[in-house]
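Sequences are here, hints too, so could you generate the full structure?
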Amino acid sequence: MSRWIVHLDLDAFYASAEQLTRPTLRGRAVVVGGTGPRGVVAGASYESRAYGVRSAMPMSQARRLLPPGGVILPPRFRLYELLSKQVFDVVGEAAPVLERISLDEAFAEPPGLAGASAAEVTEFAEKLRARIRERTGLTASIGAGAGKQVAKIGSDRAKPDGLLVVAPGTEREFLEPLPVRALWGIGPVAEAKLRTIGVLTLGQLAALPEQDAVSMLGGVVGRDLRRLASGVDDRPVAERGEAKQVSAETTFDIDVVDLPRLRTEVRKIAASAHARLVKAGRVARTVVIKLRHTDMSTVTRSETTASPTDDLEQLAATAERLLLDPTEFGGVRLAGVAYSGLSVPHQDALFTLAVPATAAPTVTEAPSPGGSARPTSSGWRPGDDVVHTEHGVGWVQGAGHNRVTVRFETRTTGPGVARTFEQADPALTRGQPADCLA
1 MSRWIVHLDL DAFYASAEQL TRPTLRGRAV VVGGTGPRGV VAGASYESRA YGVRSAMPMS
61 QARRLLPPGG VILPPRFRLY ELLSKQVFDV VGEAAPVLER ISLDEAFAEP PGLAGASAAE
121 VTEFAEKLRA RIRERTGLTA SIGAGAGKQV AKIGSDRAKP DGLLVVAPGT EREFLEPLPV
181 RALWGIGPVA EAKLRTIGVL TLGQLAALPE QDAVSMLGGV VGRDLRRLAS GVDDRPVAER
241 GEAKQVSAET TFDIDVVDLP RLRTEVRKIA ASAHARLVKA GRVARTVVIK LRHTDMSTVT
301 RSETTASPTD DLEQLAATAE RLLLDPTEFG GVRLAGVAYS GLSVPHQDAL FTLAVPATAA
361 PTVTEAPSPG GSARPTSSGW RPGDDVVHTE HGVGWVQGAG HNRVTVRFET RTTGPGVART
421 FEQADPALTR GQPADCLA
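Numbering of the sequence shown is given in UniProt numbering, commencing with residue 1 and proceeding in unit increments.
Some hints could be false.
Within a straight-line C-alpha distance of at most 25 Å, the following computed DSS-like cross-link-like pairs (lysine-lysine) qualify [stated by the list, open to error]:
id, residue 1, residue 2
1, Lys193, Lys290
2, Lys244, Lys85
3, Lys193, Lys159
4, Lys193, Lys268
5, Lys279, Lys159
6, Lys85, Lys127
7, Lys268, Lys279
8, Lys279, Lys85
9, Lys127, Lys159
The hints are simulated quantities; they were obtained by calculation from the structure and are not laboratory data.
Here it is, written out as structure tokens:
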């Protein structure tokens, strides 16, 4: 019987989680991330994407693009983990084996869909999306097909809040007109190489002689990508263990022979690995660099910090510090950066500037992920989860001048009321991310 692979991807997950639990932000341009010197966007709502904001974009650029009333928030990874578990508990009821890719996406091969028709798969996926929305308040896009690659591309093209089912036998027709970057595994370097021989679409890649694909992209990789572009994908869905590290690497067209250029290239690679670290909702203690010499010998060096972080500036600076000078080491043909010793953040990054208490939040500044805001004399910081003995659960919207403004709202309340208190008010206590899910 034909198999069906389902790929589920939560829509704008980090930003949607903030809009869900802080209803004042619903319908607004929301960006999650940090605004340090090298802060990046970890997540962007569709309202902000309409203005050109994208994940992994420098926050300085995102700030320029945001409209008046746009909101920049720090990530709350504990909240995202809780919501992710709720979502995939729902999915697990229909598909006991899940291949989790990150907090917001996973592959599944529901046993009940073996041999099903495209119409039956469509009905299954729509019911699953409805259950997720009903039980968590979040929206998910789903792609389904005979292989993981087609399912993944299907969910990408179904966004936001959509469904795309690719019927068996139509995979090649579906893939043929798509750009090569649509294929999971083809990045900007591979795309540039294929462009030099006129290969711009997956149909052209599928039609490429195997020896040409191998020559351009490498032995195993070239063959595998060509097969995937043809719609052939028999990879199984299998549970993944906890990620041990995240990494990125680049093979240079021309060997790097001077330290300044190597530093520049390694900082770019460090930023790519950092984007994966943020997407995984983790912090890292160890930075590892890999340098491959012209003669193919490889050197790795590492440094472990006193405490875990996801601050890009700190991680990239550590990677640069580990570099060897090519004038002594020799030309470098490949460089890589990996972050290991991964863990869940113990304390979420917080605001550094207060939101005006007289109105809903405008653009709110946050430090780079993993950074810390300067606490007020009472210890309250904008962005803190709060519980008040009389008014219930809320979050600190602004703090300063011995006053703290709290907006009281949760996932189920609708937009809440903002109230201002003395910072030392004994009725205010620190809350937990789970409080806003009640």
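Each hint, compared with the structure:
| no. | hint | result |
| --- | --- | --- |
| 1 | Lys193 <-> Lys290 | holds, 23 Å |
| 2 | Lys244 <-> Lys85 | holds, 20 Å |
| 3 | Lys193 <-> Lys159 | violated, 29 Å |
| 4 | Lys193 <-> Lys268 | holds, 19 Å |
| 5 | Lys279 <-> Lys159 | holds, 18 Å |
| 6 | Lys85 <-> Lys127 | holds, 19 Å |
| 7 | Lys268 <-> Lys279 | holds, 17 Å |
| 8 | Lys279 <-> Lys85 | holds, 16 Å |
| 9 | Lys127 <-> Lys159 | holds, 17 Å |
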